[in-house]
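Enquirer: Could you use the hints to bring the two separately framed chains together as a complex?
Same order as they appear, the protein sequences are chains A and B. The numbering used here runs 96 ahead of the 1-based position in the first sequence. The numbering used here runs 1 ahead of the 1-based position in the second sequence.
The set of hints was computed from the structure by calculation and includes no laboratory data. Predicted model only: the values in this text are computed from it and were never measured.
If you only want the chain A side, here are some residues facing chain B, beta carbon under 8 Å, derived:
1. F107
2. T109
3. R131
4. D154
5. R156
6. F159
7. H163
8. Q167
9. S170
10. N171
11. E173
12. T174
13. L185
14. A193
15. R196
16. D200
Distance condition first, Cα-Cα at most 16 Å in a straight line; then the derived EDC-like pairs of lysine to aspartate or glutamate:
17. A:K143 / B:E151
18. A:K149 / B:E151
19. B:K465 / A:E173
20. A:K149 / B:E388
21. B:K255 / B:E199
22. A:K149 / B:E156
23. A:K145 / B:E151
24. A:K176 / B:D371
25. B:K493 / A:D200
26. B:K425 / A:E173
27. B:K425 / A:E129
28. A:K176 / B:D456
Backbone N, C-alpha and C fix where the C-beta goes; we use that ideal spot for every residue, glycine too.
The residues making up each chain are set out below.
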Amino acid sequence: METKIKGQSLFPTEIVASVLSNLPKGKDHIPTELRKIHPVFFMMRNKCKNIMKNIDFDNRGTFVYSHSLDQAFSNLETSKVLSRTNPNLENFEVTEALNRYYRDRIKYKLDKVQLIEVKLIAKELSKIA
Amino acid sequence: MSLDRLKSKIEEFVDEHLPKEPPPRGSRSKIIHECIWGTNLFSKDEINFIDTRLLQRLRRIHQTGLAYFTYPTAIHTRFDHTLGTIIQCSRLTDELIRKQKLRNEELLTKEHILPLRLSALFHDCGHGIFSHTSEELYALLNEIQEATMEGNEFENSPQPHELLSSLIVQSERFKLYFNKVGLDCDVAQLPKCITGNESDSRKYISDILYSIFDGDKIDYIHRDAHFSGLPLRIDLDRLWYGIDIKEIPIGGKKYTKLSISHTATEPLEQIMFHRTMLYPTLYQHQKVRSCDCMFKGIIEYIRKMSSGVKMGNKIVTFKNVEDFLYGTDDEFLNIGMNTNDANLKRLFENLLYRKLFHRVILISARTVADEAAYAEMLNFRNDKSPEAYKERRNIAEEICRQANNKGIKVLPEEIWLDLPENVKSSRDAEEAFVFVNHDTKDEFIPAKDIFPISDWVRQIDIHKWEGSLFAPAELQEKIAPIAKDVIENRFKCHLTEEAFTGCHGTVPA
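If we strip away everything but chain B, and leave its shape as in the complex, we get (with noise of 0.2 Å):
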């Protein structure tokens, strides 16, 4: 039922970000110059999606969410990542093409550079301001739950935003305006490549835009570290030269999909590590994480007000899904322009000039002394469970409870527990395959085998992931001790020194 309701607000979100009718003189194809890929030729067609709404609107989402309060110059945008996400996809679909073409082989055809283009330019649409920053909140509400329950539409459990774009592309709205582009693509292409649902026989189809080796991921490792300054590069020749299309025998059953050269296996390392790099340098940086607790705390405060905020031109609660797919991100702090609730606009004031947030707590493997307690407290390190995240707004409001008995005024929406989820590589690391050419027959030897990602990735996580407490600034030193002790007391645990000193605060008595 609920999937229902959000399918007919998507319907009407389509509806307010689609033309009536393409251009009536047509588009014409278009240039476009940027700084990691250079000048790129976008043909009049996807040029009559790309100047709608629809796609325009990620000219205001930040590709790294709040992460610019932190990297000055990681002010790049989802629009941004589109564009280098289909010139990456393009790039490895031709070179797919023109491996098949010396074999005479027709798996991958210029045909399907179309679906794949497209698919591309509407993978991200579904992003919500802020990007992953609001997808954490949004994940958890009951249609986002209930869509990805087994047995309903999505129980494959894609990312949210995947989930949206995809009811996007399949909206009747949109299909009425793809047909009146009068393209030749089959629409029903796109949320298989968007989802990374396509049949064991096409794997190799939807893996261009949705594997270890895909395009977007290609473009966001470049992307998100050229903007915040992190040296780290992907050996692309060597990809493109390693990379073609097998038919690899699995537990008995056969799938066609991307796999690479144990020749050429260092850009898949690349890929792997560079990942997994972003996430504590760029992504889970603690200033980052104390930027999108402040924006998770404005949010928590406006779902409280009885008559909602005016964001663009909507009203809005953020209850529901769409609320966080109606806004940009310069229309969501506006509101705090314009807000007369006192509390709001300090909150949003704290944020816009960057009156952060402050780690209270260090949590991690050195600051909790029981394993067991770190155990039951990495419990609640799964952003995509309601249930964690009540229980840790029941720790962070408590907290708080406590503070104000003391006389300490703080609100409940500036004090948070923060477990980031940790990244993860096993997956990958089994899924993608490596082959060994032996004359007339391949041999195929799984990611794991070749490079061990996933210890190292291990390694990072027992070592380096880092959890938080964060508080306003000025209080840090009163909340401390009351923090020390909900901690202490729920988890059965003793923090040590370096939980407080980490945080450059003093050891409360």
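Just chain A, with the same shape it has in the complex (with noise of 0.2 Å):
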């Protein structure tokens, strides 16, 4: 069976846990809405085409839409590594979970070119933290 091996591409959700991972100290929360994170992963596709090569976008609504990085997300949340914070469920709040997933699951599959691109689009998504 075929395991991952250093700098080969990775999946949606294990890019989206990586970024979240790697936001910058003090910004672990960021909004739900898709009208607004699903932008700035457009906005980085070109500056971060290593990683960013497999993920579609759709610009027929009213904002960019991916439905892979939709997907991703919701991955995250129904295994419970990403939670929201309560009481209006209207941020993502990166937790000692994904962190955990992260560091013992996909940080080793990174090479040096996608671990800078995760951190560019981290320092982007902080923005709107």
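Expert: Next up, the structure:
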């Protein structure tokens, strides 16, 4: 059976988990609105081609939407490694569960370029935090 | 390059499915009766299209794929749904035109009715055998993957059957017939409506066929629920009362699109809730998914046969998109009746006589003990990703290999790790706007701020989403311990007892 080795393309769920886990310190809450999150990834897709090459985007609506990013956030929430803050559930909160997932199961797969790109997106995403 | 090949194959397909000329004496308009929307009139021009092979083939493609092996009355077809979508798009358009007239506005007029009805007529003509069941497979083929990449013709990633419907109505052969029918309608409007690709100022036109309020959804929610015996209804009178065309300022731009009054949000809630309910109850019922996997197993088996198989009057290998388009459900099932290959015959007969795969492992938030392991497993919950599909097949093949080593006779095509895509609602909840009328000015509120559909769907996903490891029923107890080892090793996790007792099996030692 194949296992991922360093530098291979990542699944969207792994990309999102990596980005969230690399948000700058003190910026561990981001809004849950797709309208705010997806355009950030879209804007960064050309600067971060290595990790973003398989992420689809759809411009037909009133904001740039990505099915794969929607699925990725949903996967992280369903597995409870990503949670929302009470009481209004309008923010994602990066908790130890997500950091542990990144540390134990994803980080070793990232090569230098991928890690730089993850951090670039994280920095951009922190602007809406 | 590969999209060019697909386009040329689509030309051939359309050429075989449309006559050279419309009927010499012309068709007459027809009244069609059906059980969901009653009695409706279709014009002679529409009948000139309806009575072609291109649309008649939809009579033999089930709307909900193989769901009828689980819900015995779910035998409705893409053809029924196509007529229903025309009826609902028309009804919605009539209502919007009536409101426009009252205000002396002309954004939508009776001239829009024909292109919208024709778009609805052809919106599903690109469906292949067993509808979305086969779509999960041809979506992964290179041509579809390439066509939907950024910079390419379908970069907005419409669903693969929409992409095919769009290519069909854009084909030269289609345009030729369209012109001979002599309609006062721009054929270029059709693909825009089918794939929801209208400009910001004309979104309301494609919204009628492609939005949360569209005639397609209204029909399939009623129809799929009715034929599977689920009591789900939408208050359509209230929807028509509340819906209107509005210019909505969003993020510094203006979009002219459909919106619903805050006094009539119930039907919008019903559409969103009912669509969500249909996933765990019907589309992703574990026995429906079991049949889907049996179908995929047959396709995978045929792909390995060097000579292909005969479906209808074509030899197919299912390595090309068009192979899924040429056949109908009955022609596909006939392959099993006529084959001399013992394994293929058995795979078909197991499906036809409902000797369905059993669930060997239940995968859910309750059965995968470690959250990070569960997250890693859900990586593969994306049916549009060839990588995720390949990885799922690798796991199934490893289970098969280990089973064969222990003397258990099973084919790789009989073992499936099935992690169906979950239902999503956040985009719709952010794209649908409710208007509040303040005398001369409207205020617009996203649906997500009116009712928390996304929170509800998320809870459904956490508590009700289920994946499965399927295998032949008679091998359930033998495959379970092997599958347990492979899954636990691959994902470095522990499966709880419920993973097996939830399948009415015994917990492996």
